[in-house]
Amino acid sequence: MSTLEIKDLHVSIETDQGTKEILKGVSLTISSGEKHAIMGPNGSGKSTLASTIAGHPRYEVTSGSITLDGEDVLEMEPDERAQAGLFLAMQYPVEVPGVTMTNFLRTAKTAIDGEAPKLRTWTKEVKDAMEKLRIDADFANRNVNEGFSGGEKKRVEILQLELFKPKIAVLDETDSGLDIDALRVVSEGVNRAHEENNMGTLLITHYTRILNYIKPDYVHVFVDGKVAEQGGPELADELEANGYDRFLAAVSAA
Amino acid sequence: MTNTEEKVAGVDVGERRISIPGFTEEGEQLAAAKVDTEHSHGGLGETQRKTVASAGSRANRHTGFDLAEFPQPNGREEEWRFSPLKKLAGVLSDEPTANAGTEDEPVDYQVKAPEAVVISTLKADQAPRNTVLQPADRAAVLATKHTEDALYIQVPADAELDEQVKIDITGIKAGLRGNAHIVLEAGVNSKATFVLEHRGSANFNGNVEIKVGDGADVKVISLQRWNDDAIHAGQHDAEVGRDASYKHVAVTLGGEVVRLNTNFRYAAEGAEAEMYGLYFADSGQHLEHRTFVDHNTPNNTSNVLYKGALQGESARTVWIGDVLIRKAAEGTDSYEKNENLVLTDGARADSVPNLEIETGVIEGAGHASSTGRFDENHLFYLMARGIPEDIARQLVVRGFLNEIIQKIEVPELEESLQEDLENELKIHGN
Amino acid sequence: MTEQIAKAEETLRNTNDPGVIQKVLDDNPELQGLGNYEYGWADSDDAGASAKRGVDADVVADISAKKDEPEWMLKLRQKGLKYFDRKPMPTWGADLSEIDFDNIKYFVRSTEKQAQTWEDLPEDIRNTYEKLGIPEAERERLVAGVAAQYESEVVYHQIREDLEEQGVIFMDTDTALKEHPEFFEEYFGSVIPVGDNKFAALNTAVWSGGSFVYVPKGVHVEIPLQAYFRINTENMGQFERTLIIADEDSYVHYIEGCTAPIYNTDSLHSAVVEIVVKKNARVRYTTIQNWSTNVYNLVTKRAVVDEGGTMEWIDGNIGSKVTMKYPAVYLTGEHAKGETLSVAFAGENQHQDTGSKMVHMAPNTSSSIVSKSVARSGGRASYRGLVQVNAEAKNSANSVVCDALLVDTISKTDTYPYIDIREDDVTLGHEATVSRVSEEQLFYLMSRGLAEDEAMAMIVRGFIEPIARELPMEYALELNRLIELQMEGSVG
Numbered sequence: 001m002s003t004l005e006i007k008d009l010h011v012s013i014e015t016d017q018g019t020k021e022i023l024k025g026v027s028l029t030i031s032s033g034e035k036h037a038i039m040g041p042n043g044s045g046k047s048t049l050a051s052t053i054a055g056h057p058r059y060e061v062t063s064g065s066i067t068l069d070g071e072d073v074l075e076m077e078p079d080e081r082a083q084a085g086l087f088l089a090m091q092y093p094v095e096v097p098g099v100t101m102t103n104f105l106r107t108a109k110t111a112i113d114g115e116a117p118k119l120r121t122w123t124k125e126v127k128d129a130m131e132k133l134r135i136d137a138d139f140a141n142r143n144v145n146e147g148f149s150g151g152e153k154k155r156v157e158i159l160q161l162e163l164f165k166p167k168i169a170v171l172d173e174t175d176s177g178l179d180i181d182a183l184r185v186v187s188e189g190v191n192r193a194h195e196e197n198n199m200g201t202l203l204i205t206h207y208t209r210i211l212n213y214i215k216p217d218y219v220h221v222f223v224d225g226k227v228a229e230q231g232g233p234e235l236a237d238e239l240e241a242n243g244y245d246r247f248l249a250a251v252s253a254a
Numbered sequence: 001m002t003n004t005e006e007k008v009a010g011v012d013v014g015e016r017r018i019s020i021p022g023f024t025e026e027g028e029q030l031a032a033a034k035v036d037t038e039h040s041h042g043g044l045g046e047t048q049r050k051t052v053a054s055a056g057s058r059a060n061r062h063t064g065f066d067l068a069e070f071p072q073p074n075g076r077e078e079e080w081r082f083s084p085l086k087k088l089a090g091v092l093s094d095e096p097t098a099n100a101g102t103e104d105e106p107v108d109y110q111v112k113a114p115e116a117v118v119i120s121t122l123k124a125d126q127a128p129r130n131t132v133l134q135p136a137d138r139a140a141v142l143a144t145k146h147t148e149d150a151l152y153i154q155v156p157a158d159a160e161l162d163e164q165v166k167i168d169i170t171g172i173k174a175g176l177r178g179n180a181h182i183v184l185e186a187g188v189n190s191k192a193t194f195v196l197e198h199r200g201s202a203n204f205n206g207n208v209e210i211k212v213g214d215g216a217d218v219k220v221i222s223l224q225r226w227n228d229d230a231i232h233a234g235q236h237d238a239e240v241g242r243d244a245s246y247k248h249v250a251v252t253l254g255g256e257v258v259r260l261n262t263n264f265r266y267a268a269e270g271a272e273a274e275m276y277g278l279y280f281a282d283s284g285q286h287l288e289h290r291t292f293v294d295h296n297t298p299n300n301t302s303n304v305l306y307k308g309a310l311q312g313e314s315a316r317t318v319w320i321g322d323v324l325i326r327k328a329a330e331g332t333d334s335y336e337k338n339e340n341l342v343l344t345d346g347a348r349a350d351s352v353p354n355l356e357i358e359t360g361v362i363e364g365a366g367h368a369s370s371t372g373r374f375d376e377n378h379l380f381y382l383m384a385r386g387i388p389e390d391i392a393r394q395l396v397v398r399g400f401l402n403e404i405i406q407k408i409e410v411p412e413l414e415e416s417l418q419e420d421l422e423n424e425l426k427i428h429g430n
Numbered sequence: 001m002t003e004q005i006a007k008a009e010e011t012l013r014n015t016n017d018p019g020v021i022q023k024v025l026d027d028n029p030e031l032q033g034l035g036n037y038e039y040g041w042a043d044s045d046d047a048g049a050s051a052k053r054g055v056d057a058d059v060v061a062d063i064s065a066k067k068d069e070p071e072w073m074l075k076l077r078q079k080g081l082k083y084f085d086r087k088p089m090p091t092w093g094a095d096l097s098e099i100d101f102d103n104i105k106y107f108v109r110s111t112e113k114q115a116q117t118w119e120d121l122p123e124d125i126r127n128t129y130e131k132l133g134i135p136e137a138e139r140e141r142l143v144a145g146v147a148a149q150y151e152s153e154v155v156y157h158q159i160r161e162d163l164e165e166q167g168v169i170f171m172d173t174d175t176a177l178k179e180h181p182e183f184f185e186e187y188f189g190s191v192i193p194v195g196d197n198k199f200a201a202l203n204t205a206v207w208s209g210g211s212f213v214y215v216p217k218g219v220h221v222e223i224p225l226q227a228y229f230r231i232n233t234e235n236m237g238q239f240e241r242t243l244i245i246a247d248e249d250s251y252v253h254y255i256e257g258c259t260a261p262i263y264n265t266d267s268l269h270s271a272v273v274e275i276v277v278k279k280n281a282r283v284r285y286t287t288i289q290n291w292s293t294n295v296y297n298l299v300t301k302r303a304v305v306d307e308g309g310t311m312e313w314i315d316g317n318i319g320s321k322v323t324m325k326y327p328a329v330y331l332t333g334e335h336a337k338g339e340t341l342s343v344a345f346a347g348e349n350q351h352q353d354t355g356s357k358m359v360h361m362a363p364n365t366s367s368s369i370v371s372k373s374v375a376r377s378g379g380r381a382s383y384r385g386l387v388q389v390n391a392e393a394k395n396s397a398n399s400v401v402c403d404a405l406l407v408d409t410i411s412k413t414d415t416y417p418y419i420d421i422r423e424d425d426v427t428l429g430h431e432a433t434v435s436r437v438s439e440e441q442l443f444y445l446m447s448r449g450l451a452e453d454e455a456m457a458m459i460v461r462g463f464i465e466p467i468a469r470e471l472p473m474e475y476a477l478e479l480n481r482l483i484e485l486q487m488e489g490s491v492g
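Protein chains in written order, with our numbering: chain W, 1 to 254; chain C, 1 to 430; chain P, 1 to 492.
Next comes chain W alone, as it looks inside the complex (with noise of 0.2 Å):
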């Protein structure tokens, strides 16, 4: 049983016009085998969240705290996390030129187990993930994301996750670009590693759609960088007929 735990989060970022707060005061709790939605409009500080969760460097917490079973996550470095068994499975995943999805995947593998995975059961399960995710064999031999389609990224990106096991997973608009059949095969994996690990997960998203295939237990709606209001999945069947608009007419408001 593990949970993760985001109390009163506050980041900035540095731009050119100066330092901007994104998120004014997150504060969210995930256990095993949750599955948390957040959802909002564009530019409400959803993807900040999630980067901020793996670390990436761009983003400054200014105050506030997020904790992976009592330990301090934002004092452990990117892959430090990935190997406490936090993943991101990111938005726009990065090209690697030169370094083959076979290697890579390999060596994320080792590093996230502290051993190197047995060499004959290790090619199988790759390639049985492969296959549930309808990822063709080549793949493996070419370079990391390099001239994936949109959609071929994200499901390596679920292959990742179906591969490394991670207690806790923040999917980023994994649904974005994503035709009907891949958003289910997309689906599919993130169910098969709930069912498999008692992953839990922070899904964020814009749209309702991929919500009729990863039913969440939890609704949170993010507006201008904080929850404005959680609930059950009944929360999403609102959105879904209202939109957002309750919620920004709430902001300009205040």
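Among the clues, some could well be false.
Cut-off 27 Å, straight-line C-alpha distance, at most; resulting in silico cross-link-like pairs (BS3-like, lysine-lysine) [as the list claims (entries may be wrong)]:
#  : chain 1 : residue 1 : chain 2 : residue 2
1  : C       : K145      : C       : K173
2  : C       : K145      : C       : K87
3  : P       : K217      : P       : K67
4  : W       : K153      : C       : K407
5  : W       : K20       : W       : K226
6  : W       : K20       : W       : K7
7  : P       : K67       : C       : K7
8  : P       : K82       : P       : K178
9  : P       : K394      : C       : K426
10 : P       : K113      : P       : K67
11 : W       : K153      : C       : K166
12 : W       : K24       : W       : K132
13 : W       : K20       : P       : K394
14 : P       : K87       : P       : K52
15 : P       : K178      : P       : K113
16 : P       : K279      : W       : K20
17 : C       : K337      : P       : K394
18 : C       : K327      : C       : K337
19 : P       : K279      : P       : K337
20 : W       : K118      : C       : K173
21 : P       : K178      : P       : K75
22 : P       : K87       : W       : K20
23 : W       : K153      : W       : K165
24 : C       : K7        : P       : K113
25 : W       : K118      : W       : K165
26 : C       : K166      : C       : K407
27 : W       : K7        : W       : K24
28 : C       : K407      : C       : K247
29 : C       : K407      : C       : K337
30 : W       : K132      : W       : K153
Just so you know, these hints were derived from the structure itself, not from any lab.
Given chain W's structure and the hints, the job is docking chains C and P onto it.
Below, chains C and P alone, put in the same frame as chain W:
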């Protein structure tokens, strides 16, 4: 720099006037003041540029076999201004191969080739010798002048070699001069891979000319795995036949100074030619690669990609990529790119992609050059997957250079080069 | 020269009527340096006809004496002449072998004193500038100040009173040397030393006219200062000298435009522009160069930028026979920024060898160069640039983007991007593309009813749009108009 104070009626008119550090009364001295004085670096409109000769179009660059037309360079010539001339003196002197004809010749040549290949020698006036390669600098003229019998390796028409032709060139002793001229010919519709492997120590002056027959498929891989005290100047010229395919890969890891000119032109139309290069410079190494793609006939394709990594205080690399699309070369498609990864303070990479286009009727032409440190986003992506920073860095460097190694397509060579790179990276505990 | 041409020339010299000029040019195609050059009339040339040709110590001394200069300036001029004589011609870049230094008139005084109002100007000169639209610009308050240089000296200058009250100085360089010697003692020749290159040395020896601008601490000059340069005398050399000092936290935008009549023999324009950008100041310098196609335009422009300052060069090269110009920025203070936007248009018999130079000398400096060039009718457009990062310039970044557009099959384009790095903690990128106007693009536009040359002009305009949009409105319009003129008759 002397600081001449010169005042007229209380106003400075001497060097004291200058407000940009590093300037003198005669303009910019920035470059010359900081690096060894062997190369003066021309700026734009600044003083030192005045003496640069023939910095104009590549089309006007002199070539030929007459040594008198290639005097000792003084370092201000466009084609020498990046090169350490003092260290290159041993290959620029008008000197025959040391101990020629004896057992003590400083460079040893071993050729291993499949049966179909014919090996012989060529005198200066025997074609195809000197029909493809036109010496473009003093070193190249000397290499040819002092090679009486050029090694001639011929792949007959229609032969498809299943094994590569290996030419091992081994220097025996540092400081001793060796001259070489090698002629590689691939007949019509043949298929062959030539691997030139340079090892050991010598002052080596080596020309290679490659005649690629119509429809042939030829790869030339030149590995510079010299010892740390070797000096190597060379010119590799190819002429690519109709509908042929040609690939040249240069991998330079060793040597104190390596200065390679690799060039190609076309005999007809429909050909596809590529040049790839990989270099890894440590402290004390000067690795210089110059490529020249001469689009002299219509409807051909070219691609050039050179990648380099530098680590260590005085590591130095130079890449000059010239592409000339002549008036006749309509329908040309051309691209060239150089990328450098600078790993430590003090290393210096020069990168000059020159592109001259004399016709508007082309498919496309472009060039790119980038020099930088690791991309922070690469590092973050890998670290977010649990890979520690040092390993992530190694991965990125290896991945960066792998793109070239992958072009070699000779598995055992690729593996041994991977190992070499691994060692290069380890030396510095990255 | 045939009698007919001599006669035609005579006619050209004595008329201002565009119709007559056009007729003469149509009848005598040899005279057409550029078919559509609009500023090709020549005013009567009383002042220039008698001027002395060639340069030597006497000419230099004479210029200095006529201007009643301090001794140190004469000394600098003499030094400039020494360096000019000593330095060989550049052997790179464009072909300069046809410049005949002995045939050039180095100093031509067109009027005895500077005018303060348009009405004071001699009529022929006033006509010239009215054709160029200067009085309107001033009347409509599109500019904060105007300077007009005719031949060797500034004949008119005006600055808005409110700016003057704030301490902004904008006047011709000759007058400024007299009225504000302290700036010249400190800065003249400090950014571009006397012997910097052959043409800067020549300029230092025989300079005359140009603008001096000083913007005090914290003052923002919101609308541009403008200068117009015109050469009227045949074989005239124009050597203006401009010095701009932007004190801390100030801002100024300076614009210059250049024209000349079409003669059979060549003229030389060799200016020196020195700019000092102090802490957190920002200077933008815009040039729309439209010399006629028998002017050699060999200009040295350089700025030195202190901490947090920004220098922006916007450089449009449409005219001239040969231009060699590489505006430079020396980033000497932390967080200094340099930017060059350059557009070059090379038509028939033109060689535009232009680019930019960025030298990073302090940490956290950044620079960018965007160059767009168009070549047509056998013209040649070359980008030549240098990016240098010195050893101490940590965390610096630069990007260079060069795009070239070839409009036909006989034109040429080259790219020579030198990059020189002595520091590993930098990010540099260079990208270049060369493209040709595609038949599909043309077809698409023509199928929508555009004539072929209109379509071509539209594509070219689109190509340079990223630069045109950085110009003040009237200059953007001007640039587009010049390009349309250039493109006329490009098809066929």
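Results of checking the hints against the structure:
1. K145/C - K173/C: holds (22 Å)
2. K145/C - K87/C: Holds. K145/C to K87/C sits at ~21 Å (cutoff 27 Å).
3. K217/P - K67/P: Roughly 31 Å separates the two Cα atoms, so the pair is violated.
4. K153/W - K407/C: With a Cα-Cα distance of about 25 Å, the restraint between K153/W and K407/C holds, given a limit of 27 Å.
5. K20/W - K226/W: Holds. K20/W to K226/W sits at ~15 Å (cutoff 27 Å).
6. K20/W - K7/W: Roughly 20 Å between the alpha carbons, so the hint for K20/W and K7/W holds.
7. K67/P - K7/C: holds (21 Å)
8. K82/P - K178/P: Satisfied, since the Cα-Cα distance of roughly 25 Å is no more than 27 Å.
9. K394/P - K426/C: Within the cut-off at roughly 26 Å; holds.
10. K113/P - K67/P: holds (12 Å)
11. K153/W - K166/C: violated (41 Å)
12. K24/W - K132/W: Violated - the C-alpha atoms of K132/W and K24/W are around 40 Å apart, more than 27 Å.
13. K20/W - K394/P: It holds: about 25 Å lies between the C-alpha atoms, which stays within 27 Å.
14. K87/P - K52/P: holds (23 Å)
15. K178/P - K113/P: holds (15 Å)
16. K279/P - K20/W: holds (25 Å)
17. K337/C - K394/P: Status holds; Cα separation ~25 Å.
18. K327/C - K337/C: holds (23 Å)
19. K279/P - K337/P: holds (11 Å)
20. K118/W - K173/C: Distance ~48 Å between K118/W and K173/C Cα, so the pair is violated.
21. K178/P - K75/P: holds (16 Å)
22. K87/P - K20/W: violated (54 Å)
23. K153/W - K165/W: holds (18 Å)
24. K7/C - K113/P: violated (32 Å)
25. K118/W - K165/W: It holds: about 16 Å lies between the C-alpha atoms, which stays within 27 Å.
26. K166/C - K407/C: With Cα atoms ~18 Å apart, K166/C and K407/C stay inside 27 Å; holds.
27. K7/W - K24/W: Within the cut-off at roughly 11 Å; holds.
28. K407/C - K247/C: holds (9 Å)
29. K407/C - K337/C: Answer holds: K407/C to K337/C is near 15 Å, not above 27 Å.
30. K132/W - K153/W: holds (15 Å)
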